[in-house]
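Using the hints provided, position chain F relative to the given structure of chain H.
So the protein lines, in turn, are chains H and F. For the first sequence, UniProt numbering gives the first residue as 1, with consecutive numbering after it. For the second sequence, UniProt numbering gives the first residue as 1, with consecutive numbering after it.
Hints may be right or wrong, so weigh each one.
Unchecked claim - Counterexamples of contact, computed for chain F against chain H with all Cβ distances above 12 Å:
1) Leu-7
2) Pro-8
3) His-27
4) Glu-31
5) Ile-61
6) Ala-67
7) Gly-76
8) Met-80
9) Gly-85
10) Gly-109
11) Asp-114
12) Pro-119
Claimed, not checked - Interface residues of chain H toward chain F, partial, derived using beta-carbon atoms under 8 Å:
13) Arg-295
14) Leu-326
15) Ile-329
16) Ala-330
Stated by the list, open to error - So the derived list for chain H, only partly shown, Cβ under 7 Å to chain F, looks like this:
17) Pro-287
18) Glu-291
19) Arg-292
20) Thr-310
21) Val-323
22) Glu-325
23) Ser-327
In short, the hints are calculated from the structure, not lab data. Source: prediction; values computed, not measured. A virtual CB, placed ideally from N, CA and C, is assigned to each residue, including glycine.
Each chain, written out:
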Amino acid sequence: MTVAERLILDPLLPWPWIGVIAVLATLAAGLALWRGLRGWWLRALAAASLTLALLGPAIEEERRQPLTDIVLAVVDESASQRLGDRPAQSEAALEALRAEIAQRPGTELRVARLPDAEGEGGTFLMRALAEALAAEPPGRIAAVVLITDGQVHDMSALPALPAPLHALITGRADDWDRRLILRNAPAFAILGEEITLTLRIEDQGAAPGAELVPLTIAVDGGEPLHFEVPVGRDMDLPLVLPHGGMNTLRFETPPAPGELTDRNNAAIVQINGVRDRLRVLLVSGEPHPGERTWRNLLKSDASVDLVHFTILRPPEKQDGVPVDELSLIAFPTRELFVERLEDFDLVIFDRYRRRGILPNEYLQNVADYVMRGGAVLVSAGPEYGGVESVYRSPLGAVLPGAPTARVLEEGYVPRLSGTGERHPVTEGLPAFAPRPPAEDGTPGWGRWFRLVEVIPDPRAQVVMEGPQGRPLLLLSHVGEGRTALLASDHAWLWDRGFEGGGPQLELLRRLAHWLMKEPELEEEALWAEVQGQTLRIIRRTLADEAGPVTVTAPDGTETVLTLDPVSPGRYETQWTAPETGLYRLTDGEHDAVVAIGPAAPREFEATIATGDILAPAVEQTRGGLLRIEDGLPDLREVREGRPAAGRGWIGLIPREAHLVTDLRISPLLPAWAWLLIASILILGAWLREGRRQGRPPARAS
Amino acid sequence: MPPLEPLPPDHVLTRTFYLIREFPGRHASPEIWVEAAPPDAELAEGMPFRALNDGVTPVVIGGNDWAAAWAVDEWGAPLMPVGRGLAGERQREYALRFGINLVMHVLTGNYKSDQVHVPALLERLGQ
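Bound conformation, chain H alone (with noise of 0.2 Å):
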């Protein structure tokens, strides 16, 4: 406890009173002076007395009460700092630290710590900083000390500092990393169109110098391909997504013994292909009421190309009309189904029937084309059960359904078979109906009226069923491609509202999408969707059960779940991911890979511990910028404006800061003492002036 005294002013009239009051003495007593008057310094005095009586001095007393001074210590625990001994390096720092200021009678430390900021923020250390700062007095921080990697990413953000700064850097002389770094990679990509991506691989710091490295590329969880790429060179990889939806690529590159973190080793990239335009041949045999539900279909999407063709009159009928009086047009036959046939992502036999316009040669190749990868769909009317059926063609092969020749022609609702709940392409589809479904689970439909009866191929799936249980749509993956057959014409029915009609576009639309191979619609699949930091881990399946999953972690830790059923061939669970990064599903048959955050997060970029980005914070404040590796720091007391660090040490500066505990201000004389001195100085001028008064001088006579 100290005590401070001090003499103020505390006057008792405004300021510019006390200025005419001086005024005026100064006039008086200048003109007692004048007029010779004895007692004019006596006068004066008196003025000058009351007048600083006016001004009422005083003495103010303090008591103070000294504050400690404060180092500020903040330490960097992002996960760049993690790696390798630096936390044990960053809290022996700290403890040292600890132990010095700890010997310093009035000092002491506060502590900060800063955690990995949320999503790709990356180190925050000087918002950290100011935050710390802004909780102290700055008055009393005598120094601030930040243990880091120096990998900082927001040093604009950097406070104005009261005291010098010091940056204590972690890590080792001969720390490297390897990363591998993916540029421009594009969210969309047109499928069939080469996208490039540029690669690099890059080691940082102390590197052994290796020139090639292995590179895996792993495509949407499959087996990897192995390449051997060199360092420190971009690399332009031409690229063609192998199919629409999400592709999910995975480029890594494996740890190399000594580097720092393998979190950088590997980069995942989520393409999303978009089909350029969606090609579709519609070949129509006769015109019929269905046919404007499959033009409404495929005219309403934006995205396909529709090429169609209706046989209006076969080649057979001919009623001597001149050509030019008729709007028809050949068939260009040979151009669509030999020259240009794989240029379709889907032909439509639209109730086709043979009648020597197209030769088996061409039917044939449409069977070779849905073997190497097309899709056919038949949506069959009464023929497909009569002897010009396209089953009856080389096409027949690949069909999923054979006719029995009997056509039905009776009312009957469509109902989804036990397969075709779990199946995509119809699996939810009684939601879709204008009415609930009814109690004994008849969907709330229109009907239909006419089912060609067919032998299901043993290969396909039947999805959907008419009356009696026969097939009505069935569907089959046939070589690489896939065919669908629509046992019935009446789809359009649904379109026209009979009977509050269905959901025949919704049907159509899976249906074809389905067939041309839409991720989206896979009958096995396993996926996972990420929200923050929870994965829901779905698996779609036919099959009656579904495998646990496996998913295994960055760090390589695997996790067991079991999946809950949801609905038919849809089975869920939700999972909490302990850290971001890659994390790969399996059940055995189907791989996922799925990345919780950035892949390489920003954490990771840089590894190497650096002081050159806090070097110019650190110059401006005189402070030190040292390694750990070299030796921790001895604390002493610098001068403010003086260099604060030097060979071993670094300052810190005494601020000397005192907290006033009270405060008193008491009149430097009382009220009657300057009434006394004034009045004794009137009365001295009074009498000095009246004894010369008294004895007037002689009267000449």
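Quick look at chain F alone, frame taken from chain H:
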């Protein structure tokens, strides 16, 4: 009832099966009304026909008494006389052609409208 307009010369009804320019029945008035094309239907570049509304006109109005021209008895002989002599038979033929076009229009919609794009589409497929 949608807005109507007199049948434009490029309407798909003129070429769904036969190419026809007039629409006679027992009478041969040229006035026929169909659903109006949407105001934004325009002549697209390289497209000789207007891209009319994708659907089918829900109504065709005309006073040509087509049903009378089409009507036949059980032996296939026409019930009503149409015009005079050979010219009349030709008019009946055109009435039937109009009828066929009408049915084709109902069944195939504007199929014939986009036939004209097929060469362009095929051209594009090769690229």
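key: No chain H beta carbon within 12 Å of His-27(F)'s   = Fine: 22 Å to the nearest Cβ keeps His-27(F) off the interface.
query = Does Pro-287(H) pass the interface check with chain F, least Cβ-Cβ distance below 7 Å?
reply = Holds: closest Cβ of chain F sits about 4 Å from Pro-287(H), inside 7 Å.
query = Is it correct that the beta-carbon of Met-80(F) has no partner in chain H closer than or equal to 12 Å?
reply = Met-80(F) is indeed farther than 12 Å from all Cβ atoms of chain H, at 23 Å.
message = Less than 7 Å between beta-carbons is the criterion; does Val-323(H) satisfy it with respect to chain F?
response = Result: violated, 10 Å to nearest chain F Cβ.
query = Minimum Cβ distance from Glu-291(H) to chain F below 7 Å?
reply = 6 Å, holds
Given as non-interface: Ile-61(F), which should sit over 12 Å from chain H by C-beta = 21 Å, holds
message = Min Cβ distance, Ile-329(H) to chain F: is it shorter than 8 Å?
response = Constraint on Ile-329(H) satisfied, holds at 6 Å.
query = Does Thr-310(H) meet its interface restraint, that is, does its C-beta lie within less than 7 Å of any C-beta in chain F?
reply = 6 Å, holds
query = Non-interface claim for Pro-119(F): all C-beta distances to chain H beyond 12 Å?
reply = The claim is violated: Pro-119(F) sits with its nearest Cβ about 9 Å from chain H, within 12 Å.
ask   = Taking C-beta pairs only, is Gly-109(F) more than 12 Å away from all of chain H?
value = Answer for Gly-109(F): violated, closest chain H Cβ roughly 5 Å.
query = Is the nearest CB of chain H more than 12 Å from the CB of Glu-31(F)?
reply = 23 Å, holds
inquiry  = Interface hint check: Ala-330(H), Cβ to nearest Cβ on chain F, cutoff 8 Å. Holds or violated?
reply    = Since chain F brings no Cβ nearer than about 11 Å to Ala-330(H), farther than 8 Å, the hint is violated.
The earlier numbered hints that this structure contradicts are 10, 11, 12, 16 and 21.
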